[in-house]
Every structure is written in structure tokens, then in C-alpha cells.
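*Asks:* Chain by chain, the residues run as shown.
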Amino acid sequence: MNIRNAKEILDCQVVCGEELLDQEIHTACGSDMMSDVLAFVKDQSILLTGLVNPQVIRTADMMDMLCIVFVRGKCPDQAMIDLANERGIVLMTTGHRMFTACGLLWENGLRGGN
Amino acid sequence: MENTLTLRYEVDGEDFTRAGEASAAVKRALKKMGVSPEVVRKVAIALYEGEINMVIHADGGVITVEVTPKEVRMELADHGKGIENIELAMQEGYSTAPDEVRSLGFGAGMGLPNMKKCSDEMKIESTVGVGTTVTMTVYIQ
Chain A
1 MNIRNAKEIL DCQVVCGEEL LDQEIHTACG SDMMSDVLAF VKDQSILLTG LVNPQVIRTA
61 DMMDMLCIVF VRGKCPDQAM IDLANERGIV LMTTGHRMFT ACGLLWENGL RGGN
Chain B
1 MENTLTLRYE VDGEDFTRAG EASAAVKRAL KKMGVSPEVV RKVAIALYEG EINMVIHADG
61 GVITVEVTPK EVRMELADHG KGIENIELAM QEGYSTAPDE VRSLGFGAGM GLPNMKKCSD
121 EMKIESTVGV GTTVTMTVYI Q
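Residue numbers (my numbering), protein chains in the order written: chain A, 1 to 114; chain B, 1 to 141.
Where hints are given, some of them may not hold.
Said to hold, decoys possible - In silico DSBU-like links for lysine-lysine, alpha-carbon gap of 35 Å or less:
| id | chain 1 | residue 1 | chain 2 | residue 2 |
| --- | --- | --- | --- | --- |
| 1 | B | Lys123 | A | Lys7 |
| 2 | A | Lys42 | B | Lys117 |
| 3 | A | Lys42 | B | Lys81 |
| 4 | B | Lys31 | A | Lys42 |
| 5 | A | Lys74 | A | Lys7 |
| 6 | A | Lys74 | A | Lys42 |
| 7 | A | Lys7 | B | Lys42 |
| 8 | B | Lys31 | A | Lys74 |
| 9 | A | Lys7 | B | Lys70 |
| 10 | A | Lys7 | B | Lys31 |
| 11 | B | Lys32 | A | Lys7 |
| 12 | B | Lys116 | B | Lys31 |
| 13 | B | Lys117 | A | Lys74 |
| 14 | B | Lys70 | A | Lys74 |
| 15 | B | Lys42 | A | Lys74 |
| 16 | B | Lys123 | A | Lys74 |
| 17 | B | Lys116 | A | Lys42 |
| 18 | B | Lys81 | A | Lys7 |
Unchecked claim - Distance windows between CB atoms, simulated:
| id | chain 1 | residue 1 | chain 2 | residue 2 | range |
| --- | --- | --- | --- | --- | --- |
| 19 | B | Gly93 | A | Asp82 | 33 to 39 Å |
| 20 | B | Lys70 | A | Asp77 | 41 to 47 Å |
| 21 | A | Asp82 | B | Val130 | 35 to 41 Å |
| 22 | A | Asp11 | B | Val62 | 31 to 37 Å |
| 23 | B | Arg28 | A | Asp77 | 42 to 48 Å |
| 24 | A | Gly113 | B | Lys81 | 19 to 25 Å |
Please keep in mind that the hints were generated in silico from the structure rather than gathered at the bench.
All residues carry an ideal CB built from backbone N, CA and C; glycine is no exception.
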């Protein structure tokens with residue numbers, strides 16, 4: 001699927017990176033612990049998180065992730081949006097909780113990767 | 001002397017939101033140089049974890065990165081409080097990070113072990129009350 005498909009599945013609002021939605025995604029991970037993302041995640045293209053601070057963007061950037069989905073309707077601030085724009089990362093927000101959001105993506109064929 | 005690129009960054013210990021700027025700059029430089037994605041990835045993660053540690057534990061410091069055709073050598077030097085027990089600090093899950101750091105998504109005790117995992121060589125020299133220098137090397141060839 002691509003990011004646009006994930007947006008529709010999760011009923012997301014796109015915060016920034018509208019022009020990048022056609023990028024293909026193959027795997028996803030869900031975590032509020034950036035330490036875990038850095039230690040255990042590999043080749044994931046979407047990060048689902050309930051954590052909202054600039055280090056989420058920096059972590060995703062380090063891991064070459066294409067998109068961050070903030071769950072439970074959480075919204076990034078302008079500094080985060082500016083950073084994501086600079087790094088070419090799509091930011092989206094969904095009203096779904098973490099468990100449901102991950103489940104919906106799984107149900108539609110996205111997997112956790114290695 | 002082979003071609004060597006040296007990058008040096010002062011890490012501000014006051015601003016957690018900017019922690020990671022140096023690592024991102026190194027990552028961009030390596031990509032631009034055409035270094036393989038796997039090496040870039042290992043360097044980026046190891047350096048970012050180290051940079052976060054510098055801000056959390058040591059009020060910042062200096063990062064020096066040397067890139068040669070054979071390897072990427074990173075040195076992270078700070079004048080923080082030092083590490084009392086390096087062996088303990090290397091254990092997964094052990095952390096002395098304060099609660100506010102945990103609420104920002106770090107401090108799980110994974111930083112140093114992950115830095116070791118991502119580098120081909122790693123050395124920690126630390127003196128309590130004086131500071132810590134972490135040296136990591138990732139081989140290109």
C-alpha cells in the first residue's frame with residue numbers, strides 16, 4: 001500500500017507532506033518509546049505513536065521512516081511540522097487509539113517487518 | 001594520508017528538542033558522499049543515541065567524526081558527571097535517566113547497548129566528576 005491508502009484506512013488528517021502520499025510503504029511499527037524504535041526497528045516505513053515531541057521526528061529521520069501517524073487525535077506543534085517538512089517526513093493524525101490503528105493497518109495487509 | 005573528512009559539532013546540553021541535530025548533519029554528509037545505506041544507518045543510530053545521552057546526562061559536549069575510505073570514527077566527549085559503573089551502564093534496561101526524559105520517549109536503558117550493537121568497535125573512557133569519552137568506529141570496508 002502507499003501512504004495515501006494508510007491515510008484512508010485510518011481516517012487520518014494530513015498535517016504536512018501532502019505531496020508525498022504516493023510513496024509505497026511495506027511495514028509499520030507502533031511505539032511511544034523512541035529508545036525501542038531505535039533499538040529494535042528496521043526498515044519500517046510508518047511509525048505510529050502517541051508521543052508528541054520533536055525527538056519523534058528526529059528518530060523517524062534517523063530510521064529513514066517516511067511517515068508518522070499520531071494516534072488518539074494528538075497534534076504536533078509548528079516546530080515539529082517545520083522539522084518534518086525539512087526532513088521530508090509525512091505527518092498525519094488519526095482519532096483511533098494505538099491498538100485499533102495498528103489493527104486496521106494489519107487487517108489491510110501491512111506487517112511489522114523484521 | 002588518505003582522504004579524511006572531519007566533522008565537528010558542539011552539542012548544546014540545554015535544549016533537548018535540538019538533540020540529534022549533529023547526528024542528522026553527519027547522516028546527510030555521509031549520504032552525500034555515497035557511503036552505503038547500511039553504514040549510514042549504523043552511524044546515524046549510534047551517533048543519535050550518543051548525542052541524546054550527552055544532553056540527558058552531561059550538559060552537552062563535542063562530537064568529532066572522521067570519515068576515511070575505510071571507516072567512520074566517532075568521538076563523543078563531554079565534561080559531565082561521568083559513569084560510575086560502565087559494566088552496569090552497558091546492561092540493557094539499566095538507566096539513570098530522570099522521569100522527564102522517560103516521558104519524552106528515552107531512558108529505557110537501551111542507548112549504550114544499541115550504540116555497541118551498531119558499531120564495529122566501541123570504547124568508553126569515563127572518570128566520575130571529570131567526564132566521558134565514547135569512541136565508536138563503523139567499518140566501511
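*Asks:* Each hint: holds or not?
*Replies:* Verification of the hints:
For the hint pairing lysine 123/B with lysine 7/A, the CA-to-CA distance comes to about 44 Å; that exceeds 35 Å, so the pair is violated. A C-alpha spacing of about 13 Å is found between lysine 42/A and lysine 117/B, which places the hinted pair at or below 35 Å, so the restraint holds. About 33 Å separates the Cα atoms of lysine 42/A and lysine 81/B, which keeps this hinted pair within 35 Å; it holds. For the hint linking lysine 31/B to lysine 42/A, the alpha-carbon distance of about 18 Å falls within 35 Å, and the restraint holds.
For the proposed pair lysine 74/A and lysine 7/A, the alpha carbon gap of about 15 Å is at most 35 Å, so the pair holds. Only pairs whose Cα atoms come within 35 Å are accepted, and lysine 74/A paired with lysine 42/A is accepted, the gap being roughly 25 Å. Under the criterion of a C-alpha separation no larger than 35 Å, the hint pairing lysine 7/A with lysine 42/B is consistent with the structure, at around 30 Å. For the hint linking lysine 31/B to lysine 74/A, the alpha-carbon distance of about 32 Å falls within 35 Å, and the restraint holds.
Between lysine 7/A and lysine 70/B the alpha-carbon distance is near 43 Å, which puts this suggested pair outside the 35 Å criterion. The suggested pairing of lysine 7/A with lysine 31/B holds, with an alpha-carbon distance near 29 Å, which does not exceed 35 Å. Taking the CA atoms of lysine 32/B and lysine 7/A, the gap is about 31 Å. The hint holds against a cut of 35 Å. Straight-line distance between C-alpha atoms of lysine 116/B and lysine 31/B comes to about 22 Å, which keeps the hinted pair within the 35 Å bound.
Taking the CA atoms of lysine 117/B and lysine 74/A, the gap is near 33 Å; set against the 35 Å cutoff, the hint holds. Annotation: proposed proximity of lysine 70/B to lysine 74/A is violated, straight-line Cα distance about 44 Å (limit 35 Å). Straight-line distance between C-alpha atoms of lysine 42/B and lysine 74/A comes to about 31 Å, which keeps the hinted pair within the 35 Å bound. Between lysine 123/B and lysine 74/A the alpha-carbon distance is near 40 Å, which puts this suggested pair outside the 35 Å criterion.
Our distance criterion of 35 Å between C-alpha atoms is met by lysine 116/B and lysine 42/A, whose separation comes to about 16 Å. For the given pair, lysine 81/B sits about 46 Å from lysine 7/A by alpha-carbon distance, which is inconsistent with the 35 Å threshold. In this structure, glycine 93/B and aspartate 82/A meet the distance hint of 33 to 39 Å, their C-beta atoms being roughly 35 Å apart. Judged by the Cβ atoms, the range 41 to 47 Å given for lysine 70/B and aspartate 77/A holds: they are separated by roughly 42 Å.
Distance hint check: the CB atoms of aspartate 82/A and valine 130/B are about 38 Å apart, consistent with the given range 35 to 41 Å. Distance hint check for aspartate 11/A and valine 62/B: the Cβ-Cβ separation is about 46 Å, which falls outside the suggested range of 31 to 37 Å. Under the hint 42 to 48 Å, the C-beta atoms of arginine 28/B and aspartate 77/A, about 24 Å apart, miss the expected range. Between glycine 113/A and lysine 81/B the beta carbons are some 38 Å apart, a value that contradicts the proposed interval 19 to 25 Å.
In terms of the numbered hints stated before, the structure departs from hints 1, 9, 14, 16, 18, 22, 23, 24, listed from lowest to highest.
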